[in-house]
Amino acid sequence: MSEVQLRVHDLWKTFNPGLFEAAVEVLKGLSVEVEKGEIFGFLGPNGAGKTTTIKAVTGLVIPDRGEISVGGHPHDSMQAKRLMGFMAESPYLYHYLNGREYLCFSAQLLGIESAEIDDRVESTLAQVSMTDRADRKMRTFSKGMLQRIALGQALLGEPELLILDEPMSGLDPIGRRDVRDIILAQKERGVTVFFSSHIIPDVETVCDRVATVIGGTVRGIGAVRDLIAREVESYEVTFTGLDPRVVTTPVTSAHQGSDAAWARVDAAHRDSLIRELSDRGARLVGLTPVRSSLEDLLVRQYEEGAAS
Amino acid sequence: MRAIRIIAVNTFREALRDKVLYLFLGFAVLLMASSKVFGILTVGDQDKIIKDLGLAGIQFFLMLIAVMMSVILISREIDSKTVYFILAKPVRRWQFLLGKYTGLMATVLVNLVLMTLVLVFFVWLYGGGFDPRLFLATGMIGVEMAVLVAFATLFSVLTKPILGSVFTLAVFVVGHLSQDLWLLTRHLPGSLGRTIVSVLYYVVPNLERFNLKTEVVHQLPIPAGAVGLAVVYGCFFTALVLVLACFRFEGKDLQ
Numbered sequence: 067m068s069e070v071q072l073r074v075h076d077l078w079k080t081f082n083p084g085l086f087e088a089a090v091e092v093l094k095g096l097s098v099e100v101e102k103g104e105i106f107g108f109l110g111p112n113g114a115g116k117t118t119t120i121k122a123v124t125g126l127v128i129p130d131r132g133e134i135s136v137g138g139h140p141h142d143s144m145q146a147k148r149l150m151g152f153m154a155e156s157p158y159l160y161h162y163l164n165g166r167e168y169l170c171f172s173a174q175l176l177g178i179e180s181a182e183i184d185d186r187v188e189s190t191l192a193q194v195s196m197t198d199r200a201d202r203k204m205r206t207f208s209k210g211m212l213q214r215i216a217l218g219q220a221l222l223g224e225p226e227l228l229i230l231d232e233p234m235s236g237l238d239p240i241g242r243r244d245v246r247d248i249i250l251a252q253k254e255r256g257v258t259v260f261f262s263s264h265i266i267p268d269v270e271t272v273c274d275r276v277a278t279v280i281g282g283t284v285r286g287i288g289a290v291r292d293l294i295a296r297e298v299e300s301y302e303v304t305f306t307g308l309d310p311r312v313v314t315t316p317v318t319s320a321h322q323g324s325d326a327a328w329a330r331v332d333a334a335h336r337d338s339l340i341r342e343l344s345d346r347g348a349r350l351v352g353l354t355p356v357r358s359s360l361e362d363l364l365v366r367q368y369e370e371g372a373a374s
Numbered sequence: 223m224r225a226i227r228i229i230a231v232n233t234f235r236e237a238l239r240d241k242v243l244y245l246f247l248g249f250a251v252l253l254m255a256s257s258k259v260f261g262i263l264t265v266g267d268q269d270k271i272i273k274d275l276g277l278a279g280i281q282f283f284l285m286l287i288a289v290m291m292s293v294i295l296i297s298r299e300i301d302s303k304t305v306y307f308i309l310a311k312p313v314r315r316w317q318f319l320l321g322k323y324t325g326l327m328a329t330v331l332v333n334l335v336l337m338t339l340v341l342v343f344f345v346w347l348y349g350g351g352f353d354p355r356l357f358l359a360t361g362m363i364g365v366e367m368a369v370l371v372a373f374a375t376l377f378s379v380l381t382k383p384i385l386g387s388v389f390t391l392a393v394f395v396v397g398h399l400s401q402d403l404w405l406l407t408r409h410l411p412g413s414l415g416r417t418i419v420s421v422l423y424y425v426v427p428n429l430e431r432f433n434l435k436t437e438v439v440h441q442l443p444i445p446a447g448a449v450g451l452a453v454v455y456g457c458f459f460t461a462l463v464l465v466l467a468c469f470r471f472e473g474k475d476l477q
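In the order they appear, the protein sequences are chains U and W. Be aware that the first sequence starts at 67, since it is given in the numbering used here, and climbs by one per residue. Be aware that the second sequence starts at 223, since it is given in the numbering used here, and climbs by one per residue.
Only chain U is shown next, with the shape it has when bound in the complex (with noise of 0.2 Å):
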């Protein structure tokens, strides 16, 4: 059985912003439990409690109820924060400091010996690709490059959990490609990723398993290919020898091409299509089933979420 590096069971959270206005319920008794060493993709529309989720996690934010454990420990104990590295969204770091000064600053907070502190400073400094920038202001760094500081601290004190909060927010194909390929090396390493996204293509190609998350609750949970495979709901059939205007199954589209027919149907008529096929002679060259993307499915339950 596979260890449990971060469990949230059960968290609730209200923000009252003030005597004159309604408190917000943002997270209503979410829970997840994130495997050691997996890619955890934590995803959902704005204002779905990620960010609250991911601040609870860190103990910026105080939970009204639930637990929460990392490596078994409790949540806000010290020792659950030396396994954690977090980056925030859209980091705000000191202008005052430059790039080195601000690891220097972070290594201490971390309690890495100050023996070590330089040699760690600088390979941290080049896993993020920031060596030959590091003695800049950082009040001169462009978004991408604060971007790859703050994760640089995040990976300074070599943790177990890695937390990341919309790691590839506003920036470039090359800086997402590039914050993509240290997460999959952090995995290589044995180190656990939660990070939360909006980015679906991204969460598509590395995260081992997903979370989505509307309205404050897990709506979805698991590997990304078992979420969209449950979603087949439409299969693709190519065929020869008929009309595909004269077929009398529902079907949601249709085309006739120069060599062979072509129709979209339902996951419930697909049956019927194939038997039809065969009773008018017409030979069945293809069924592609059509399985819908993490976006369909986070539309789908965002759309239900809202019904409800």
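Hints were generated in silico from the structure; no laboratory data involved.
What the simulated footprint calls covered on chain W by chain U, stretch by stretch (three residues with Cβ under 8 Å from a Cβ of chain U suffice, anywhere in the stretch; the number is not a length):
no. : region
1   : 227-238
2   : 298-304
The calculated label-pair distances, taken between Cβ atoms and stated as ranges, are:
no. : chain 1 : residue 1 : chain 2 : residue 2 : range
3   : U       : Pro-140   : W       : Asp-475   : 12 to 20 Å
4   : W       : Asp-475   : U       : Gln-145   : 20 to 28 Å
5   : U       : Gln-145   : W       : Leu-380   : 29 to 37 Å
6   : U       : Ile-128   : W       : Thr-381   : 15 to 23 Å
7   : W       : Leu-380   : U       : Pro-140   : 23 to 31 Å
Note that the Cβ used here is the ideal one computed from N, Cα and C, for glycine as well.
Starting from the known structure of chain U, arrange chain W on it as the hints suggest.
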């Protein structure tokens, strides 16, 4: 202690890079200019005027640092979310707050030492000789600032930066009117008004306890017991206010 020291050093560095020490230069220039002016206007006792002006100037400039920098530097950490990166590391919230407080006090004290040296020099220059009691007077201003920075720290976790500055300034003003508040409680006719003024009297520290300007300027005796008691009083208030600030910060959601 390690985390407090690291955060304190970083806060001090931030204050230095924000050019807070320029206030010390401002003080030196102001003292030089006023010495010239009063040198023309007064005959004799010029050193007393320089001492009086200098001590008032030190108090004013340090109060500015306490009111402005304390609230700004702590609120900036929260508003710009740099605090996220600190508190997600093995650092307790109270360690963060005490680190900020210590760094701010270091900034105040470095300014205090530099300004004191400028004052001692000017007093010597205008024939007042070397007066070691100036160090006692500025030391007590340092104790006063410890109390004021603690209040600024509390207000910075309770409210917005502008309100925090206003409240800290209010503590400074009311704290220096403490004796008058006590007299007012005896003369106010209504019980509600008397209650409000009494609460203010007990909640806001009596900052006049730290004021040795008159004694130092006019060479009056300074009872050691009163100074010792004032230091204990200052330490007590500082500790109490910092505990309240840490307690409030422990339960604060950082959004």
